[in-house]
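Trainee: What follows is each chain in one-letter form.
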Amino acid sequence: MISPAHNAKADQLFAYVQERCLWQFFSRTWDRQENIEGIVDAASALLTGKQPPRHTPMEKLFYSDAVIMVADFRKRFPWIESENPSHIHEILGVLKEKLVDIAITNSKNHELSHSLY
Amino acid sequence: MPMVLLECDKDIPEREKHIYLKVDGEDTRDFLPVSNAQTIPGTLSERGCAFCGAKLVIGGVLKDTIQMIHGPIGCAYDTWHTKRYPTDNGHFNMKYVWSTDMKESHIVFGGEKRLEKSINEAFDEMPEIKRMFVYTTCPTALIGDDIKAVAKKVMQERPDVDIFTVECPGFAGVSQSKGHHVLNIGWINEKVGTLEPTITSEFTMNFIGDFNIQGDTQLLNTYWEKLGIQVIAHFTGNGTYDDLRCMHRAQLNVVNCARSSGYIANELKKQYGIPRLDIDSWGFSYMEEAIRKITAFFGIEDRGEKLIAEENAKWKGKLDWYKERLKGTKMAIWTGGPRLWHWTKSVEDDLGVQVVAMSSKFGHQEDFEKVIARGASGTYYIDDGNELEFFEIIDRVRPDVIFTGPRVGELVKKLHIPYVNGHGYHNGPYMGFEGFVNLARDMYNAVHNPLLKLAATDIRANDVVAYREAAE
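Protein chains in written order, with the numbering used here: chain A, 1 to 117; chain B, 1001 to 1472.
The hints are simulated quantities; they were obtained by calculation from the structure and are not laboratory data. Idealized CB from N, CA, C, for every residue including glycine. One should not assume that every hint holds.
[Unchecked claim] Here are the simulated distance ranges between beta carbons: (1) B:1198 / A:114: 47 to 53 Å; (2) A:71 / B:1012: 46 to 52 Å; (3) B:1104 / A:37: 57 to 63 Å; (4) B:1271 / A:111: 19 to 25 Å; (5) A:116 / B:1109: 35 to 41 Å; (6) A:37 / B:1200: 31 to 37 Å; (7) B:1189 / A:37: 26 to 32 Å; (8) B:1456 / A:37: 33 to 39 Å; (9) B:1306 / A:116: 39 to 45 Å; (10) B:1199 / A:84: 44 to 50 Å; (11) A:111 / B:1194: 42 to 48 Å; (12) B:1413 / A:12: 42 to 48 Å.
[Unchecked claim] List of simulated lysine-lysine pairs, DSS-like, C-alpha gap at most 27 Å: (13) B:1327 / B:1316; (14) B:1017 / A:98; (15) A:60 / B:1269; (16) B:1269 / A:96; (17) A:75 / B:1318; (18) B:1270 / A:60; (19) A:75 / B:1017; (20) A:98 / A:75; (21) B:1323 / A:75; (22) B:1269 / A:75; (23) B:1327 / A:75; (24) A:60 / A:96; (25) B:1323 / A:108; (26) B:1270 / A:96; (27) B:1306 / A:75; (28) B:1017 / A:108; (29) A:98 / B:1022; (30) A:60 / B:1323; (31) A:96 / B:1316; (32) B:1022 / A:108; (33) A:60 / B:1306.
[To be verified] Reference listing, derived: stretches of chain B covered by chain A, where coverage requires no fewer than 3 residues with Cβ under 8 Å from a Cβ of chain A: (34) 1254 to 1265; (35) 1270 to 1282; (36) 1366 to 1376.
Next comes chain A alone, as it looks inside the complex:
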């Protein structure tokens, strides 16, 4: 169970992503899922002092989106620097759930699951 304080912090990050990040709104369900997973995981790694992998083209893509987002998180939400790694994982896990909910699960976009582009 996530604490209300962490949930409120995830809400701040969610508001930022909604406003700034085009990758959450790609054309189809599987693209959105892939981006949300890949970029939020890369951001978690960066915020906990680790280097996310940058070997494959998709890993490089996730890194390039995440590194900008993390820089903005640090600038806009100073509290993020003092969170320990387990809290970071928890908060970004909630962020991921919120993004999946709005961009996939409860999206009213009727084109999301079309099998073709």
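Assemble chain B onto chain A, guided by the hints.
Mentor: Below, chain B alone, put in the same frame as chain A:
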């Protein structure tokens, strides 16, 4: 009351599903306008046709390609010279227009022979040009002319030419969006991978969904050159036919207009494993972010920071001058689709401008997800708006300036509201750092134009009878 039934729509209540007023605490899980749907009978839509989406928006931009339009002459004229996409080879695409000029007898007896003759005539008249797009239109599609077969025959007879066919008549979809789609998918399936590029840099990308409106592509290309990134293909601003055949060799697809060109980026990822990076190219904050993401992908962040510093040194002071004078301006954006979400935050963050209403001609629900996520509460979000709706929305939000096309622009000028050409620009380019200063300057000149006040003042004597004067 988030979905809005306007007074002018009382006889077409279905329009309520297309107009949204955002209020605090709501998001796209609660309400999302219906879009990319058939225009409702009774509404005077401002949409273009599917053929227009293929030809005017994407194909007609290419600088080395004959655009043969297989149809009546009007289909050619009405999709020529109405967009300003120059090229660095003397604007070949804007100087000429080609049509098979179909008449009644060709419709009755078939137009394939006429098409073949026209293709050969065009190549004979322009022997230096070896590439062609052929478009079907409503009448030639209805009579079943096989343009692919004709193109194949000509290519067999003239081995030095290459022809791409676009079978997307005007009626093929609900708006120009269908034409974007058909051209994207046709090109990836038939032409990408048929030519190999010369690689000149260890960093390569395609720049997708930018059509060199008043030089956008050429301005942005100065950035990519400074960064040492080779653009294999521009889809399609200032682009060439053969460069677009080489798109499969890029390491990264950078997408600006996801609506017109997201399809090919998706397919390049699916078929060739090339990742898709979506960016915004309008606005300082967004352009900086885009450069940082691209250089992070290639691991050349230092070059990106140097470029950003240089451009800020050149242009930031000018932007701030306009920001000081534009702060609080109320703006409406009535364009195609993506510029709504590209612009709403960039004008707010970079210029202090408040966007109060936005209308999209051909955006899909994906575009409304983006713009509602980015846009403000108290702002109207409209799909496929019509003129009466525009007038009513103007009364509700009282914008100081409207970014839209010349047709709607001329209408709002009669209300003494200035407009700036949101499609072809007033004095672009508008992308990049320099471009956004141009946009700010055009907005400033529009909002502060003293003629607006003068035009609103009736200097005639009190005894003038308007109807009599009009009748004289």
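Trainee: All hints are to be evaluated individually against the structure, with a verdict given for each.
Mentor: Hint check results:
Take residue 1198 of chain B and residue 114 of chain A: their Cβ atoms lie about 37 Å apart, and the range 47 to 53 Å is violated. For residue 71 of chain A and residue 1012 of chain B, the hinted distance range of 46 to 52 Å is satisfied, since their beta carbons lie about 48 Å from each other. The hinted window of 57 to 63 Å between residue 1104 of chain B and residue 37 of chain A holds, with their beta carbons roughly 59 Å apart. Look at residue 1271 of chain B against residue 111 of chain A: about 20 Å separates their beta carbons, and that is inside 19 to 25 Å.
A hinted range of 35 to 41 Å for the beta carbons of residue 116 of chain A and residue 1109 of chain B is consistent with their spacing of about 37 Å. Checked against the hint of 31 to 37 Å, the pair residue 37 of chain A and residue 1200 of chain B passes, with Cβ atoms roughly 35 Å apart. In this structure the supplied range 26 to 32 Å holds for residue 1189 of chain B paired with residue 37 of chain A, their Cβ-Cβ distance being about 29 Å. The given range of 33 to 39 Å is broken by residue 1456 of chain B and residue 37 of chain A, whose C-beta atoms sit roughly 56 Å from each other.
Between residue 1306 of chain B and residue 116 of chain A the C-beta distance comes to about 42 Å, which sits within the given range of 39 to 45 Å. For the hinted restraint 44 to 50 Å between residue 1199 of chain B and residue 84 of chain A, the CB-CB distance of approximately 46 Å keeps it satisfied. The supplied range of 42 to 48 Å is broken by residue 111 of chain A and residue 1194 of chain B, whose beta-carbon atoms lie about 30 Å from each other. A hinted range of 42 to 48 Å holds for the C-beta pair residue 1413 of chain B and residue 12 of chain A, which are about 43 Å apart.
The hinted pair formed by residue 1327 of chain B and residue 1316 of chain B meets the criterion: a straight-line CA distance of about 16 Å does not exceed 27 Å. For the hint pairing residue 1017 of chain B with residue 98 of chain A, the CA-to-CA distance comes to about 26 Å; that is within 27 Å, so the pair holds. At most 27 Å may separate the alpha-carbon atoms for a hinted pair to count; residue 60 of chain A and residue 1269 of chain B meet this at roughly 14 Å. Proposed proximity of residue 1269 of chain B and residue 96 of chain A is supported: the alpha carbons are some 23 Å apart, at most 27 Å.
A hinted pair counts as satisfied when its Cα atoms are at most 27 Å apart, and residue 75 of chain A with residue 1318 of chain B qualifies at roughly 25 Å. Our distance criterion of 27 Å between C-alpha atoms is met by residue 1270 of chain B and residue 60 of chain A, whose separation comes to about 17 Å. For the hint pairing residue 75 of chain A with residue 1017 of chain B, the CA-to-CA distance comes to about 39 Å; that exceeds 27 Å, so the pair is violated. Restraint check for residue 98 of chain A and residue 75 of chain A: satisfied, since their Cα atoms lie roughly 22 Å apart, inside the 27 Å limit.
Of the pairs offered as hints, the one joining residue 1323 of chain B and residue 75 of chain A holds, with about 23 Å between alpha carbons and a cut-off of 27 Å not exceeded. With a CA separation close to 33 Å, the supplied pair residue 1269 of chain B and residue 75 of chain A exceeds the 27 Å bound. For the suggested pair residue 1327 of chain B and residue 75 of chain A, the alpha carbons sit about 24 Å apart, so the restraint of at most 27 Å is met. With a C-alpha separation of about 20 Å, the suggested pair residue 60 of chain A and residue 96 of chain A falls inside the 27 Å cut-off, and the hint holds.
About 37 Å separates the Cα atoms of residue 1323 of chain B and residue 108 of chain A, which puts this hinted pair outside 27 Å; it is violated. Between residue 1270 of chain B and residue 96 of chain A, the direct Cα distance comes to roughly 24 Å. Compliance with the 27 Å bound is thereby established for this hinted pair. The hinted pair formed by residue 1306 of chain B and residue 75 of chain A meets the criterion: a straight-line CA distance of about 20 Å does not exceed 27 Å. Of the supplied pair hints, the one linking residue 1017 of chain B and residue 108 of chain A holds, its CA atoms being roughly 13 Å apart against a limit of 27 Å.
For the suggested pair residue 98 of chain A and residue 1022 of chain B, the alpha carbons sit about 20 Å apart, so the restraint of at most 27 Å is met. With a C-alpha separation of about 36 Å, the suggested pair residue 60 of chain A and residue 1323 of chain B falls outside the 27 Å cut-off, and the hint is violated. A distance of roughly 36 Å separates the Cα atoms of residue 96 of chain A and residue 1316 of chain B; the hinted pair therefore is violated under the 27 Å criterion. Among the hinted pairs, residue 1022 of chain B with residue 108 of chain A is consistent with the structure: their alpha-carbon atoms are about 16 Å apart, no more than 27 Å.
Of the supplied pair hints, the one linking residue 60 of chain A and residue 1306 of chain B holds, its CA atoms being roughly 21 Å apart against a limit of 27 Å. Under a criterion of three residues with beta carbons nearer than 8 Å to beta carbons of chain A, the stated coverage of the stretch 1254 to 1265 of chain B is upheld, 3 such residues being counted. For the stretch 1270 to 1282 of chain B, the stated coverage by chain A is satisfied: 9 residues place a CB nearer than 8 Å to a CB of that chain, which reaches the threshold of 3. Residue count for the stretch 1366 to 1376 of chain B with a Cβ under 8 Å from a Cβ of chain A: 5. That meets the three needed, and the coverage hint holds.
Consistency with the previously given hints fails for numbers 1, 8, 11, 19, 22, 25, 30, 31, ordered from lowest to highest.
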